[in-house]
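The listed protein sequences correspond, in order, to chains S and Y. Going left to right, the first sequence walks through residues 1 to 59 as the working numbering numbers them. Going left to right, the second sequence walks through residues 1 to 413 as the working numbering numbers them.
Any given hint could turn out to be false.
[Unchecked claim] Quick list of simulated restraints, FRET-style, between CB atoms: (1) S/40 with Y/330: 13 to 23 Å; (2) Y/39 with S/36: 41 to 51 Å; (3) S/20 with Y/164: 22 to 32 Å; (4) Y/268 with S/36: 43 to 53 Å; (5) Y/349 with S/6: 25 to 35 Å; (6) Y/273 with S/35: 29 to 39 Å; (7) Y/354 with S/20: 35 to 45 Å; (8) S/6 with Y/268: 30 to 40 Å.
[Claimed, not checked] Sample of chain Y residues lacking proximity to chain S, with all beta carbon distances greater than 10 Å (derived): (9) 111; (10) 250; (11) 370.
None of these hints come from the bench; they were simulated from the model. Ideal Cβ placement from N, Cα and C applies to all residues, glycine included.
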Amino acid sequence: MTVVDTDKCDECGTCISVCPGNALLIGNRLAVSPEKCTSCGLCIKVCPFGAISNVQQKI
Amino acid sequence: MSNKKYDIIVVGAGPAGACAAMSAASAGRRVLLLERKPVPGVPVRCGEGIGHQGMTLSFEPRPEWIKSTVTRARMFSPSGIGVEIGNVDKSYILDRERMDADLVRMAAEAGAEFRASSPVVWAEETSSNQYKVTCSNTPNNINTNNGTGTNNSADINNTDNTKTEFEAACLILADGVESRLARCFGWNTALRLADIETAAFARIETAGIEGDCCTFYTGSAVAPGGYLWVFPRGNGVANVGLGVIGSRCRAGLPKELLLDFIKRTYPEGRVTDLHCGGVPVAKWVRPLVRGGVMLVGDAARQVNAINGAGLAYSFYAGQLAGTVAAKAFRSDGGLRRKALSAYQREWAKVFGKQQERSFALKEFIMSADDAFLDKIADSLSKEPSGKVSYLRVFMRTFSSRPLLLFKAFKLFR
């Protein structure tokens, strides 16, 4: 699952601009919609601050 | 419940949005300007440089907007060969925080209603040819924090139940590189990795900054597929930033490279601000108008793809879109949507070609390697600086590899 570390996130929106599924939302904080996210990893790659990562989901 | 109605709603209060709102309100329209952040222009995600020509095309800059005036540039090749360019058009390093605030104030003085802390979460067309825009009133509880410091829910409908709706006949979207709203109206604005620079911006206090000179560093060790800039802000302060092309980026690389550079080059320097952002280096979006919706600024990819400069385009496009939209209203208050196409026509005529050329050049430069840049720098460094201009850099680039000229020519067609 793709998650945003809000401590590292600067809310710049670079991830949003490359997301093909429109799965990232910015209000005054940024988050990933688990329904729309396909885990393609583009947002992780372009984040200038390295605030997005994939974590294993606990069952 | 009836929504508050306007003629034009502008989403995003950066330079493009503020200029659009200002122009439309000056022409007598009822305008609402929405901004997601509490203070427009903060934090600054910009190198803050602009050429004299690009600035004065739209505005006479206020003295308090200008932190310093630059007349020289220096470029370093990947292996460190320095080329002094003495023949530089006068450029300004701006105080974006101050300027952005002033532009919004000017829009409000022209009659636009301004609302900060109003992130637009949805926009749609209604059955009566109006546009309905939904703002969240509680921007901080959009996310549910799962207690681990990470967020995984973005379903605004479940977590946010206080919203405000507004209606207008015309929408101007100036919501930046991250524009999501264009996607509500059928634009596919997702950028290819090769068409975005992922950037980090720092402000540093340090000795040894020349007040009238911009310095650029190139090479894959410094900024892969981009460049690093040092812009003087006066009083021992400088903007230092860099862009890395998305296709050569990895998580966190821009920040790491920037902090490494600062440590190496300005060991005594103190970093006072550190932010990041994306810069589109794509072709401008076509169409710019769909129905009653217009795109301006970064949302429309109105950025010079060679250097990432977008301010001058944003001023111009914002003013143009606002003026065209205001004129498209009939005396009975109805909008003639067809009249909005004048915006795209005029933009294409004035800056469209130039922007496309910058894109073609970017594609070409991305195909060059470090050794190529070193070779050009080496030959230019043997000339007196007063003789070196940007044009000469360009000419030398092609004369040293004539075959590339053919390749570039193909891109220009």
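Supplied distance hint 30 to 40 Å, evaluated on CB atoms of residue 6 of chain S and residue 268 of chain Y:
holds (33 Å)
Does residue 370 of chain Y sit more than 10 Å from chain S, CB to CB?
Holds: least Cβ distance 22 Å, greater than 10 Å.
Does 43 to 53 Å hold as the CB distance between residue 268 of chain Y and residue 36 of chain S, or does it fail?
Given range 43 to 53 Å: holds, Cβ gap about 47 Å.
Is the hinted range of 22 to 32 Å satisfied by the C-beta distance from residue 20 of chain S to residue 164 of chain Y?
About 30 Å separates the Cβ atoms of residue 20 of chain S and residue 164 of chain Y, which means 22 to 32 Å holds.
Taking 13 to 23 Å as the hint, is the beta-carbon distance of residue 40 of chain S and residue 330 of chain Y inside that range?
46 Å Cβ-Cβ, so the 13 to 23 Å window is violated.
Does 25 to 35 Å hold as the CB distance between residue 349 of chain Y and residue 6 of chain S, or does it fail?
violated (45 Å)
Check the following: the C-beta atoms of residue 39 of chain Y and residue 36 of chain S are separated by a distance inside 41 to 51 Å.
With a Cβ separation near 30 Å, residue 39 of chain Y and residue 36 of chain S fall outside 41 to 51 Å, so the hint is violated.
Check on residue 111 of chain Y being off the interface with chain S, judged by Cβ distance over 10 Å
holds (28 Å)
Take a quick look at residue 250 of chain Y and tell me if its Cβ sits farther than 10 Å from every Cβ on chain S, holds or violated.
Contrary to the label, residue 250 of chain Y does not stay out of reach of chain S, its closest Cβ about 6 Å off (not over 10 Å).
Does the Cβ distance between residue 273 of chain Y and residue 35 of chain S fall inside 29 to 39 Å?
holds (36 Å)
C-beta pair residue 354 of chain Y, residue 20 of chain S: status relative to the range 35 to 45 Å that was hinted
violated (29 Å)
When each numbered hint is compared with the structure, violations occur for hints 1, 2, 5, 7, 10.
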